[in-house]
Amino acid sequence: MSTHDHDHDDADAAFALRTEALEALMTERGLVPPGAIEAIVRHYEQDVGPMNGARVVARAWADPAYRTRLLADATQAIAEFGFAGPQGEHMVAVENGPRVHNVVVCTLCSCYPWPVLGLPPSWYKDPAYRSRIVREPRRVLAEMGLTIAEDVEVRVWDSSAEIRYLVLPERPGGTDGWDETRLATLVTRDAMIGVARAATPAGEDRD
Amino acid sequence: MDGIHDLGGMRGFGRVPWSEAEPAFHAPWEGRVFALASLALAGGVANVDSFRHAIERLDPVVYLTSGYYGRWLAATELLLRETVGTTPPRPGTLRSIDRAPRFAAGDRVRTRQMHPAGHTRLPRYARGLHGTVALVHPAFVLPDTNAHGRGEDPQHVYAVRFAARELWGDDAEPGVHVHVDCFESYLEPDAP
Numbered sequence: 001m002s003t004h005d006h007d008h009d010d011a012d013a014a015f016a017l018r019t020e021a022l023e024a025l026m027t028e029r030g031l032v033p034p035g036a037i038e039a040i041v042r043h044y045e046q047d048v049g050p051m052n053g054a055r056v057v058a059r060a061w062a063d064p065a066y067r068t069r070l071l072a073d074a075t076q077a078i079a080e081f082g083f084a085g086p087q088g089e090h091m092v093a094v095e096n097g098p099r100v101h102n103v104v105v106c107t108l109c110s111c112y113p114w115p116v117l118g119l120p121p122s123w124y125k126d127p128a129y130r131s132r133i134v135r136e137p138r139r140v141l142a143e144m145g146l147t148i149a150e151d152v153e154v155r156v157w158d159s160s161a162e163i164r165y166l167v168l169p170e171r172p173g174g175t176d177g178w179d180e181t182r183l184a185t186l187v188t189r190d191a192m193i194g195v196a197r198a199a200t201p202a203g204e205d206r207d
Numbered sequence: 001m002d003g004i005h006d007l008g009g010m011r012g013f014g015r016v017p018w019s020e021a022e023p024a025f026h027a028p029w030e031g032r033v034f035a036l037a038s039l040a041l042a043g044g045v046a047n048v049d050s051f052r053h054a055i056e057r058l059d060p061v062v063y064l065t066s067g068y069y070g071r072w073l074a075a076t077e078l079l080l081r082e083t084v085g086t087t088p089p090r091p092g093t094l095r096s097i098d099r100a101p102r103f104a105a106g107d108r109v110r111t112r113q114m115h116p117a118g119h120t121r122l123p124r125y126a127r128g129l130h131g132t133v134a135l136v137h138p139a140f141v142l143p144d145t146n147a148h149g150r151g152e153d154p155q156h157v158y159a160v161r162f163a164a165r166e167l168w169g170d171d172a173e174p175g176v177h178v179h180v181d182c183f184e185s186y187l188e189p190d191a192p
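If you're matching them up, the sequences are chains A and B in order.
All letters in the first sequence, in the order written, are residues 1 to 207 by this note's numbering.
All letters in the second sequence, in the order written, are residues 1 to 192 by this note's numbering.
Certain hints may be false.
Unchecked claim - List of simulated lysine to aspartate or glutamate pairs, EDC-like, C-alpha gap at most 20 Å:
{"hint": "1", "chain 1": "A", "residue 1": "125", "chain 2": "B", "residue 2": "20"}
{"hint": "2", "chain 1": "A", "residue 1": "125", "chain 2": "B", "residue 2": "2"}
{"hint": "3", "chain 1": "A", "residue 1": "125", "chain 2": "B", "residue 2": "190"}
{"hint": "4", "chain 1": "A", "residue 1": "125", "chain 2": "A", "residue 2": "136"}
{"hint": "5", "chain 1": "A", "residue 1": "125", "chain 2": "B", "residue 2": "59"}
{"hint": "6", "chain 1": "A", "residue 1": "125", "chain 2": "A", "residue 2": "45"}
{"hint": "7", "chain 1": "A", "residue 1": "125", "chain 2": "A", "residue 2": "151"}
{"hint": "8", "chain 1": "A", "residue 1": "125", "chain 2": "A", "residue 2": "12"}
Hints were generated in silico from the structure; no laboratory data involved.
Produce the entire structure from the sequences given, and follow the hints as far as they go.
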């Protein structure tokens, strides 16, 4: 094991100890109902994640009336699936098209639409993404494997208030007649943040 | 406050450390910290704005080296030290107000030039600049006052669209617009 791993393990052990102390203090102050921690952890590990957003996007692709509702009032349209809760109080869907590509960030912290995407991945919370995507989005997206043509406008959405944005990616070709369940398999976390396109039926292309 | 958290436009952080899939929590303590912070908020130790401000007040080196849940842990520790009693927060941040929105989609606006010592959600890179209202959002609690226990002062929020050139000058990439969600009091009408 390298020195770096030792350092990481030491830091992790220190964080774990501090967490135990915090839990003891909060329990003493009556802030931790029995079973509450386990219930919260379980919810975010099992019940929410990109599979929720994928169902929303797949329905918008398959059902034009739903797409209209989603773009008009995303909070309501998403609630049709029962998806709601913290960091999803007011949702806006932004649609990609042949001349527009949308991408979402939170430069000030790490705001992210939990009910439809789950908790954010590490790279979304990293200073590199938060600092650069507002200044050089084309370059950052290209580094992440997504080249945006010069004649396509890039729209960056910095989630600086309590509005949470969901990117509605373009429906891939070769999916005529697919039902929602099958379409949802093409909708990735990254496509709904706007750092990738939806997957293609053939397979693995991120671009 | 002009703190380390206000990262938009900074250089020096390198490539985005992308990974395809990862667990919600990388270690058991991360999940417990997430839950404890959520319970602290639910129990009225803090509101969402004073919690964010506590993260912003961490030592800059601690901020950059602790990771996301390390920051949540340090902020929750800080708030528990500072808070004696608890004030049960009103749920959510959306509020209905009688005042009509001051601005409409398409209006030209200018963000205020400001550098408050306390909490704000107007990023440094978007201050004192000209933009256009793209979306009119409902009214929300104002973080600038709510973070400091000075009331909710709910007001409309606007997605303001800035041309990249307005933000970054000659270094801007072509064909880019950045939208920043701005509370009404961050904005003034643009002089024609």
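Pair hint outcome, residue 125 of chain A versus residue 2 of chain B [Cα-Cα no greater than 20 Å]: holds (19 Å)
Satisfaction of hint between residue 136 of chain A and residue 125 of chain A, Cα-Cα up to 20 Å: holds (17 Å)
Agreement of residue 125 of chain A and residue 20 of chain B with the hint, judged by alpha carbon distance not exceeding 20 Å: It holds: about 14 Å lies between the C-alpha atoms, which stays within 20 Å.
Restraint check for residue 125 of chain A with residue 59 of chain B, where alpha carbons must lie at most 20 Å apart: Roughly 18 Å separates the two Cα atoms, so the pair holds.
Pair hint residue 125 of chain A and residue 190 of chain B, alpha-carbon separation not exceeding 20 Å: violated (34 Å)
Satisfaction of hint between residue 12 of chain A and residue 125 of chain A, Cα-Cα up to 20 Å: holds (18 Å)
Given pair status - residue 45 of chain A, residue 125 of chain A, alpha carbons within 20 Å: Distance ~18 Å between residue 125 of chain A and residue 45 of chain A Cα, so the pair holds.
Hint consistency between residue 125 of chain A and residue 151 of chain A [alpha-carbon to alpha-carbon, up to 20 Å]: violated (29 Å)
The structure is inconsistent with the numbered hints 3, 7, although it conforms to all the rest.
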